[in-house]
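Visitor: If you want the building blocks of each chain, they are given just below.
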Amino acid sequence: MMNSNSKNFANKGPGGRNGPPPAKKVKGIDEKKPNYDEEYGEPDEAFMFAEMDSDDLIGQGPEVKQTTAKWARPSVPELSEEKDGLIFQQLDIDYYTDKAMKGMPGAQSGTVATMRIFGVTRQQNSVCCHVHGFAPYFYVSVTTNFRPEQCRQFQEALNKALIADSRSKQEIHEFVLAVDFMERESMYGYHENKKSPFLKITLALPPFIAAAKRLLERGEIAAPFNSMAYVAYESNIDFEIRYMVDADIVGCNWIELPPGSWRLRSHSTGHPITRCQIEVDVAWNKVISHAPEGEWADVAPFRILSFDIECAGRKGIFPEADKDRVIQIANMVSLYGETEPFIRNIMTLDTCAPIIGSQVMSYKLEDELLDKWSDFVREVDPDIITGYNICNFDLTYLLNRAKHLKRSKFDFLGRIKDKKSAIKETMIQSKQMGKRENKSINIEGRVQFDLLLVLLRDYKLRSYTLNSVSYHFLCEQKEDVHHSIITELQEGNPQTRRRLAVYCLKDAYLPLRLLDKLMCLTNYMEMARVTGVPLSYLLTRGQQIKVVSQLLRKTKEQGLLMPVHKAEAGEEFEGATVIEPIRGYYSQPIATLDFSSLYPSIMMAHNLCYTSLLNPRDKDKLKEDEYIKTPAGNYFVKASVRKGLLPDILEALLSARKKAKKDLAVETDPLRKKVLDGRQLALKISANSVYGFTGAQVGKLPCLEISQSVTAFGRMMIEKTSAEVEAKFRVENGYAHDAKVIYGDTDSVMVKFGVSTVEEAMTLGREAAEFVSAKFVKPINLEFEKVYFPYLLINKKRYAGLYWTKPDKFDKMDCKGIETVRRDNCQLVANLINTCLQKILMDRDPDGALEYAKQTISDLLCNKVDISLLVITKELTKTDKDYANKQAHVELAHKMRKRDAGTAPKLGDRVPYVIIAAAKNTPAYLKAEDPIYVLENSIPIDAQYYLENQLSKPLVRIFEPILGSKAESSLLHGDHTRTRSVVTSKVGFMANFATRKSACVGCKTVLPDDSAVCKFCKPKESEFYQREVGQLYALEEKFNRLWTECQRCQGSLNEEVLCSNRDCPIFYMRKKVKKDLCEQEKLMKRFGQP
Amino acid sequence: MFEARLLQGSLLKKVMDALKDLLNEAAWDCTDAGIQLQAMDNSHVSLVSLNLRAEGFDKYRCDRNLSMGMNLGSMSKILKCASDKDIITIKAQDNADTVTFVFESPEQDKVSDYEMKLMNLDQEHLGIPETDYACTIKLPSSEFARICRDLSQFGESMVISCTKEGVKFSATGDIGTGNIKLAQSAKVDKEEEAVVIEMQEPVSLTFACRYLNSFTKATSLSKSVQLSMSPEVPLVVEYKIEDIGHVRYYLAPKIEDEEAA
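If you read the protein sequences in the order shown, they are chains A and B.
By the working numbering, the letter at position 146 of the first sequence is numbered 146, and the numbering carries on one by one without gaps.
For the working numbering, add 1090 to where a residue sits in the second sequence, where the first one is 1.
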């Protein structure tokens, strides 16, 4: 065991990065060598920081108890090592360090790294496979005067240097297992296809790589090896990736261990260290890995556990694990590919009335509840654990709570018998997602697939609460029990606890439904297969690792080595081109010509790659026709001289996508269809991410020459396309009209051919696409895809139109860059713009659209708009002091924290707010208020703000092309803006002081008493009464409908509605109508007894 | 039919100046007793109350009670078209949706009329109950305007303390503090230039300067201003308009630890 020697390297550690070591899954018990990790850690685009947990995570784990046949996995069939092969789908790969096993390849003594593969067989049996004999290695370049015979001597010298460096008193003597001399080629730049000398240095354990690299680069090795300029290659590759690349394993593929190659660990023959049903040892070179094709494209019946917990919090305080009890845990277990869970249960503290379709288990003590849940997890043995925000809340809370209650057996949730799960804080920062604080928990052998993290990665939403997510994707509202009511319900009776249990079960069930609906698992598995990284990497790591994994697989075939790039920010380069739009409303069809997979096809067409990058100095060594100069001024050799890696990878990806699409078309099995669809999507994303990889300045291997050449080619092609089309389609050339390019962006060009029907435009579009395609190098292909008719071109990247792919009917309304999709606006803007566009484009009724806009503005000024439509959300990304300028949502979060710390938004939350009326010149950041607070205290909304700052610009933008310059005045200052209503706030000093006087229902004049009408309106009193009664009935009906809607949502029609779901428009409506109704009833009383 | 003729047209212009800083739109309630306007400002911290009695007008006719919603911005634009010496008449039909302003030059050689669209305002009518105040301070309106302007340089809020000795206005801020003390005038030459304090008990309250500054827009309406204070009720700042009525402003005192809503 190597725990104690770790800090010895620390003293000599390079002064480089000071940050704590990068967070990685805890792979083995011995991986606590922070300083080895300094160099080993990769400067990915996602910098992750973590505190290494110093607690010893080893304990005596409990045995799995088997309680019911329903929970446990099917029993293992009789297996014979000699006759049976073992086939399973792997889900997770990690490594650990242990004593070398006898009879396996690799080092025969000392401590070695052993890979561990977790998976499931087709028969639902869980498998853990220990793979022995694979050792970590890296390469260094050496000068030509290094003679191959010196390898032995070099190995000893390096070994000595490492021993000296570690100053270890430990028994490790063999750091360097082997040094091999070989001829390889660096993948960066064109080297006339000549190989140069390299050393492959194989080490005992992965962390030694960084140390060896450091020693070599600094020349801290005995003569004569100290003066050679070593450059390290592939020293920054994760060990798991290294293994997977070398063993040809991709994420989530099928593994076969042929008969006779494996040894079963059982209680009699060895020591199973995991809870897996089948635990075997195998030599690494005996493992057969199946590419995910044909019958191996299947997915094994993984067990997916989704769970949710409820805690009894105290009023106003978010639950804290050392104080607040866990009162319920709901569990749903399903098999991959089945839509309904086969286990549904809920564990409750105290009694609970029965729930149809779910098993209710009640416990007297919380200790018991926690222990039973832990037992349950071990017995069900899930491969994937999911839920909503489980990583940052549920799991963390349970572990902390169990620790507080001293439940010693609770922590053993993973598949390694004696390994406890523990929490680590990590900070992840990436371009894609911004800065995020996360908790990472080690549960070996089970993949944590937190749905919230998936959604945060893949979808841009206004709100990420489970309520709003389920509404967004499943179109179902869900009851939200505010956590202040939870305690009340818990302390009630079995019926109220049942109420809570139903709610809790729903929260466990929804993530499963969402996973199914969004096909997250399928898509992620396919992504893992396509890019060759483990499933868990996709959620915890950045984009780059995926491309690296693909590159390594190619370089291995071609004898190339990947250099180690030092991350540093570089200069920016010019992006894609945009042809200046000719703005307006086009009532003629506009044909759109698209380059399909523009950037990948440019890279393929021009052979742009690391390996083909030609140093300008060397270009004279080649013939004119052997290289090209890109529009960005860089030189690349042609494919005839050296075919690039990237074009190779891209070709493979795109042809695989074509195949997947073809298979998809003929596949009939719905499950396989899903898999294929997920795959073609993953392939498309991967192909596009290659370009991004070359442009990522702080990435693994950026290459500005490639990325800037790609965009330069793109710009050139768009311009050329535009010129070609306008030159060919002219009246002189026999066409009916002159064509005009009205807009072009990145990979598409919009052409107005002047024809009046969609059909004609399509014919010309196809002709143009074919004509232009012929002028470019293969496989660049200009496709005619769609016609916009009519088309509203507002500005660069802002347009809307009806989208036609066939001449008889349009497919959809397509909007780009318009407020319908942006999140920093209130819903009202999106709805209004959307409806206006529909009226303009679909109904061809611009006047109707204008009328509608005016009506909406009028409603806004009369306070008739639902508050839910006015809510703006912004994410609280930084703490208070990090914001340079005052911002509305930050100020509000601050204010809310003062009112009630428990419900106030926290870092990373999206804060919903509305803008309230305030004195003139009050800065907007002080006008933000919590929508619920506004509703409850009838604080007036700043309608003018919404009109001027939210609605006006987008509205004017879409109406300007139609109405011209008078759009603004007619929209914002017309007659419809002259009716307003203002509510009187219920908070504030003046509100308590001023008395309200009644006004006449008819003419609004002040009345001396509390009657309904003034003396002048008296003759018409009955008429007004009719009107107000009608109003009352309308409100009553509305309220009843909303109330039943909510009752239906909570699943019970004879209980009071408790829900306070802030993402649900019904909730706001219900609150508002309730208040209006009270007012109206008061008004009716003024008419006196009828 | 509603008609109100005011010989001193400039008075209406000054009234507009006194209102439009605080209010965007307001309902003018017309009865046979006169014209009243009461409204809270947008932030619901202050309240404005305007009263113009019927007998102050040269001619006044109001057949039935009316509540006319007017956009004060627009109204102010229209009144800017009148010269200071013009005679102004406000006219409206019963149940009309417009109001007409007629400006006559003193020599009757020029008559202009402007019609303005009314707004349909749906808001609560508020009233302020009559209260007895612990102290009232009468001082020249220009003095008060000056004090508010000067002290608002120091901080967002101003303390007004009234004791037997006199009244003290003070403000504290980043640059320092400012104190202004006014003593009761010993002898009075001109009544409107006097500082007169009537006090039952000492009072000290804090107010937001921005509102006080808005109130002083009414300075031109009257030579003197009267401040009335009691603990835990709003401050009243009253400008009497000679022969016709008054403008009163009510302002909630600031309470420690409470943010301005």
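No lab work stands behind these hints, which were simulated from the structure alone.
A couple of the hints might just be wrong.
[Said to hold, decoys possible] Below, simulated DSS-like cross-link-like pairs (lysine-lysine); rule was C-alpha separation at most 25 angstroms, straight line:
no.	chain 1	residue 1	chain 2	residue 2
1	B	Lys-1170	A	Lys-920
2	B	Lys-1167	A	Lys-920
3	B	Lys-1207	B	Lys-1228
4	B	Lys-1207	A	Lys-864
5	B	Lys-1344	A	Lys-898
6	A	Lys-629	A	Lys-778
7	B	Lys-1181	B	Lys-1149
8	A	Lys-728	A	Lys-673
9	B	Lys-1344	A	Lys-886
10	B	Lys-1149	B	Lys-1228
11	A	Lys-323	A	Lys-364
12	A	Lys-864	A	Lys-643
13	A	Lys-661	A	Lys-556
14	A	Lys-920	B	Lys-1103
15	B	Lys-1181	A	Lys-1015
16	B	Lys-1181	B	Lys-1271
17	B	Lys-1149	A	Lys-920
18	A	Lys-662	A	Lys-517
19	A	Lys-554	A	Lys-566
20	A	Lys-816	A	Lys-460
21	A	Lys-920	B	Lys-1344
22	B	Lys-1271	A	Lys-854
23	A	Lys-886	A	Lys-864
24	A	Lys-997	B	Lys-1110
25	A	Lys-920	A	Lys-953
26	A	Lys-895	B	Lys-1344
27	A	Lys-966	B	Lys-1181
28	A	Lys-920	B	Lys-1207
29	B	Lys-1181	A	Lys-920
30	A	Lys-662	A	Lys-673
31	A	Lys-966	B	Lys-1103
32	A	Lys-728	A	Lys-740
33	B	Lys-1344	B	Lys-1167
34	B	Lys-1307	B	Lys-1254
35	A	Lys-661	A	Lys-674
Visitor: State for each hint whether it applies.
Guide: Results of checking the hints against the structure:
no. : hint                      : verdict
1   : Lys-1170/B <-> Lys-920/A  : holds, 22 angstroms
2   : Lys-1167/B <-> Lys-920/A  : holds, 19 angstroms
3   : Lys-1207/B <-> Lys-1228/B : violated, 39 angstroms
4   : Lys-1207/B <-> Lys-864/A  : holds, 22 angstroms
5   : Lys-1344/B <-> Lys-898/A  : holds, 18 angstroms
6   : Lys-629/A <-> Lys-778/A   : holds, 17 angstroms
7   : Lys-1181/B <-> Lys-1149/B : holds, 11 angstroms
8   : Lys-728/A <-> Lys-673/A   : violated, 43 angstroms
9   : Lys-1344/B <-> Lys-886/A  : holds, 23 angstroms
10  : Lys-1149/B <-> Lys-1228/B : violated, 32 angstroms
11  : Lys-323/A <-> Lys-364/A   : holds, 18 angstroms
12  : Lys-864/A <-> Lys-643/A   : violated, 66 angstroms
13  : Lys-661/A <-> Lys-556/A   : violated, 28 angstroms
14  : Lys-920/A <-> Lys-1103/B  : holds, 21 angstroms
15  : Lys-1181/B <-> Lys-1015/A : holds, 22 angstroms
16  : Lys-1181/B <-> Lys-1271/B : violated, 47 angstroms
17  : Lys-1149/B <-> Lys-920/A  : violated, 36 angstroms
18  : Lys-662/A <-> Lys-517/A   : holds, 23 angstroms
19  : Lys-554/A <-> Lys-566/A   : holds, 22 angstroms
20  : Lys-816/A <-> Lys-460/A   : holds, 15 angstroms
21  : Lys-920/A <-> Lys-1344/B  : holds, 18 angstroms
22  : Lys-1271/B <-> Lys-854/A  : violated, 55 angstroms
23  : Lys-886/A <-> Lys-864/A   : violated, 30 angstroms
24  : Lys-997/A <-> Lys-1110/B  : holds, 23 angstroms
25  : Lys-920/A <-> Lys-953/A   : holds, 21 angstroms
26  : Lys-895/A <-> Lys-1344/B  : holds, 18 angstroms
27  : Lys-966/A <-> Lys-1181/B  : violated, 32 angstroms
28  : Lys-920/A <-> Lys-1207/B  : holds, 24 angstroms
29  : Lys-1181/B <-> Lys-920/A  : violated, 31 angstroms
30  : Lys-662/A <-> Lys-673/A   : holds, 11 angstroms
31  : Lys-966/A <-> Lys-1103/B  : violated, 32 angstroms
32  : Lys-728/A <-> Lys-740/A   : holds, 11 angstroms
33  : Lys-1344/B <-> Lys-1167/B : violated, 34 angstroms
34  : Lys-1307/B <-> Lys-1254/B : violated, 29 angstroms
35  : Lys-661/A <-> Lys-674/A   : holds, 11 angstroms
In this structure, the hints that do not hold are numbers 3, 8, 10, 12, 13, 16, 17, 22, 23, 27, 29, 31, 33, 34, in rising order.
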